[in-house]
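Trainee: Sequence:
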Amino acid sequence: MASGGHEHVGNYSGVTVDAKEGFMDMTVKVRRNEQGEMEIFHDNLGKCADNCASCGIGSTCSQKDAEGFEDKTYHFRLVDLPGTYSLSAYSPEELYVRRHLIDDTPDIVINVVDSSNLERNLYLTTQLIDMHQRMVIALNMYDELQHSGDKLDYKQLGSLLGVPMVPTISRTGKGVRDLFEKVIAVYENMGDTALERHIHVNHGKELEHSIDRIKYVFQKNQDLRSKYSTRYLAIKFLEGDSEAQHLVETLPQHDELVAVRFEETKRIKDTLHDTPDNAITDAKYGFIQGALKETFQPHVGRPGKTVTEKIDAVVTNRYLGFPLFFAVLFLIFYITFQVGAYPMDWIDWLVSQVSAFVKYAMPDGVLKDMIVDGAISGVGAVIVFLPNIMILYLFISILEDSGYMARAAFIMDKLMHRMGLHGKSFIPMVMGFGCNVPAIMATRTIENPKSRLITMLITPFMSCSARIPIYVVLVGAFFPLYGAWVMLGLYALGILAAILMARVFSRFLMKGEDLPFVMELPPYRMPTAKSVLIHTWEKGRQYLQKMGGIILVFSLIIWALSYFPHSTETDNVVPTQSTEIVENGRAAASPQHEVTVAETQTSPSYLQRIGQFVAPVMQPMHFDWKMSVGILSGVGAKELVVSTLAVMYAGEDVDADSASTDTHLSQVLRQNMTPASALAYLVFILFYFPCVATITAIKNESGGWKWATFTAVYTTMFAYVASLLTYLIASQF
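Note that the working numbering has the sequence shown beginning at 26, numbered continuously upward.
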């Protein structure tokens with residue numbers, strides 16, 4: 026039996042089944058369609074829902090293991106890998122998937138096909154047949170095919186392809202257990218042709234003659250035959266596939282193979298009047314069309330337009346598309362800001378109670394200060410924004426699952442081209458609203474190298490969710506009545522700046538022609554509550570994990586830098602036992618005590634020395650040294666800006682008439698900043714140096730530190746200029 030990893034073709038995802046005590050070892054790889062995603066497994070196979078990777082439209086995921094379901098004999102593990110509709114060598118995903126299929130040949134491939142788009146999805150199936158992969162086809166979203174009135178004899182189609190088919194409905198889980206029972210049956214099958222049989226996709230007499238000639242030469246190499254399907258290799262070499270050509274260069278039969286291909290290419294051009302790759306593609310689609318003609322009966326006479334067509338007539342309208350898109354964004358930000366304020370206040374109250382309890386229960390000293398001013402202030406200042414993060418991701422999941430996100434890319438396509446970008450560039454840009462790291466990785470789906478690199482360089486201008494905490498703090502403190510508008514303005518400003526820089530890069534930095542952009546618009550679907558909540562909770566869980574990791578550690582580091590060197594004179598200035606006031610269940614140190622501690626502990630600290638060194642550069646925007654340190658901390662992770670400010674301002678008292686519903690940090694920032702400097706600070710946070718993880722992702726995807734370093738430098742320079750202009754303009758009002 027094969028062992029090892031599994032992948033994802035495509036829309037290909039992988040599932041591996043490793044040995045467990047009492048279980049047999051099986052390797053299964055899953056090819057999924059773009060819209061079906063991995064929900065067919067996420068929502069219906071128990072533990073997989075918590076761990077399995079899921080990729081939305083245009084996304085790219087690294088290999089990720091997840092426990093699947095078990096029957097009495099087998100244990101399945103699912104893995105999601107980059108998506109593609111073919112196994113050609115035109116994109117990194119296609120090569121990545123193809124190499125994994127060859128290097129870790131699976132026992133079974135689960136080919137998840139969109140039942141509403143059979144012709145396109147079955148193209149990859151023909152390539153898997155060429156590779157001689159054993160597989161089971163999951164006809165996902167089969168209910169939509171039935172609802173449309175179309176009819177499919179899937180048993181007959183499976184017989185023609187030599188592959189068993191199982192109708193499934195990912196939303197309800199219908200057919201999933203039957204699918205895995207079929208996988209087991211195929212795996213245990215010992216030559217029952219009624220269940221499965223291997224066929225050859227017939228490419229026509231002329232092409233088959235060429236394929237056989239090249240295949241015959243490949244078969245002379247015994248080592249090659251043990252690893253590759255020589256028929257598949259012959260087809261790819263005849264197509265002129267770059268990966269196949271590199272392989273041939275290493276073989277003893279290189280000269281003979283090149284000579285045979287040259288002869289056959291010339292013969293095909295003379296007889297078919299086309300290149301081999303085009304002829305092979307046409308032959309495969311002809312094979313698919315022939316199989317569907319015998320088994321698929323489209324519904325005729327269906328009156329009127331479909332629901333999807335009626336909705337698209339509005340949302341993709343050349344005049345209404347843009348206003349509707351920005352209206353949707355405004356609504357999302359409004360709800361994120363307004364509704365999220367209530368649970369945010371509850372969490373802030375809880376954090377203050379924990380802080381008050383620790384102050385009351387622990388004796389004064391370094392440990393107490395570290396816990397209260399370091400850990401609780403730093404982590405607490407960021408964790409209060411968990412509701413805002415989850416609300417934002419809730420809406421993003423709904424937009425993706427409903428099919429609207431694809432329409433957003435569609436309506437932005439023409440604008441993208443005008444500004445020097447590929448239409449597909451908008452997809453990573455939208456993903457950047459969640460996190461810039463997977464957005465940078467998603468640029469792999471852009472075939473054109475120029476567009477791919479430009480998209481990497483401008484994606485950091487998309488406001489990721491890590492920036493939301495600082496946005497909410499400053500917007501809530503200075504612009505509470507216009508919160509949604511300010512938030513929308515920041516996001517729109519990021520998009521406009523990205524488009525501007527894309528235009529500059531396209532014209533002066535990189536040359537090259539863009540390829541046409543064709544994007545499939547999936548039918549609208551009602552998102553399932555289970556799927557949306559799973560995705561939302563996954564993002565919330567990641568946020569909480571960050572709180573217990575980098576945020577906590579960095580908060581303690583910031584506290585230590587602000588506390589030390591700690592002279593003994595400080596202890597003489599501040600009474601050993603602080604006076605605590607407990608009122609309405611909440612304790613607070615006396616104002617005089619808190620101000621003295623802040624002044625005596627922060628004044629000679631290492632942190633203040635760092636801040637005062639940087640402060641002159643930030644002085645034109647009226648950022649004090651504490652705000653400057655906050656900016657520096659954001660290089661590690663943007664959430665650290667809030668936790669850093671919270672730690673440094675933890676000891677400051679606030680005015681008695683400050684709004685009680687505001688967080689302590691919002692109140693103290695309002696006392697140390699003007700609205701103009703707050704707005705400039707927001708703009709600086711929006712544009713400056715991406716976090717370390719994003720810079721690393723750019724380095725990995727661009728192939729070196731050159732463009733990663735360039736991104737770090739140009740974004741920071743852009744941020745400084747934009748922030749300064751914002752302050753100068755805003756201070757006039």
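Check each hint, because a few of them may be wrong.
[Said to hold, decoys possible] With a cut-off of at most 30 Å between alpha-carbon atoms, the simulated DSSO-like pairs for lysine-lysine come out as follows:
#1 K230 x K199
#2 K571 x K439
#3 K330 x K439
#4 K291 x K230
#5 K199 x K291
#6 K384 x K240
#7 K176 x K384
#8 K291 x K240
#9 K245 x K180
[Claimed, not checked] Okay, the calculated beta carbon distance ranges per label pair:
#10 G574 x R250: 41 to 51 Å
#11 Q567 x H271: 22 to 32 Å
#12 K318 x G574: 51 to 61 Å
What the hints contain is simulated information worked out from the structure, not anything from laboratory work. By construction, the Cβ of each residue, glycine as well, lies at the ideal position given by its N, Cα and C atoms.
Trainee: For the pair supplied as a hint, K230 and K199, is the alpha-carbon distance within the 30 Å limit?
Mentor: 42 Å, violated
Trainee: Check the hint pairing K291 with K230 against an upper bound of 30 Å on the C-alpha distance.
Mentor: Holds, at about 16 Å.
Trainee: Take the C-alpha atoms of K291 and K240, compute the straight-line distance between them, and say whether it is at most 30 Å.
Mentor: This hinted pair holds, its Cα atoms lying about 18 Å apart.
Trainee: Please check whether K318 and G574 have a Cβ separation lying inside 51 to 61 Å.
Mentor: Holds, since K318 and G574 (Cβ atoms, about 57 Å apart) stay within the stated range.
Trainee: Do the alpha carbons of K384 and K240 lie within 30 Å of each other, as the hint requires?
Mentor: 78 Å, violated
Trainee: Between K571 and K439, is the straight-line Cα distance small enough, at 30 Å or below?
Mentor: Measuring from Cα to Cα gives roughly 38 Å; hence the hint is violated.
Trainee: Does the structure keep K245 and K180 at a Cα separation of 30 Å or less?
Mentor: 38 Å, violated
Trainee: Take a quick look at whether K330 and K439 sit within 30 Å of each other, Cα to Cα.
Mentor: Status holds; Cα separation ~26 Å.
Trainee: Do the beta carbons of G574 and R250 sit within 41 to 51 Å of each other?
Mentor: 49 Å, holds
Trainee: Do the Cβ positions of Q567 and H271 conform to the proposed distance bound of 22 to 32 Å?
Mentor: 38 Å, violated
Trainee: Quick one, are K176 and K384 close enough, alpha carbons at most 30 Å?
Mentor: 71 Å, violated
Trainee: Within a Cα-Cα threshold of 30 Å, do K199 and K291 meet the stated pairing?
Mentor: Distance ~51 Å between K199 and K291 Cα, so the pair is violated.
Hints 1, 2, 5, 6, 7, 9, 11 from the list above are not met by this structure, while the remaining hints are.
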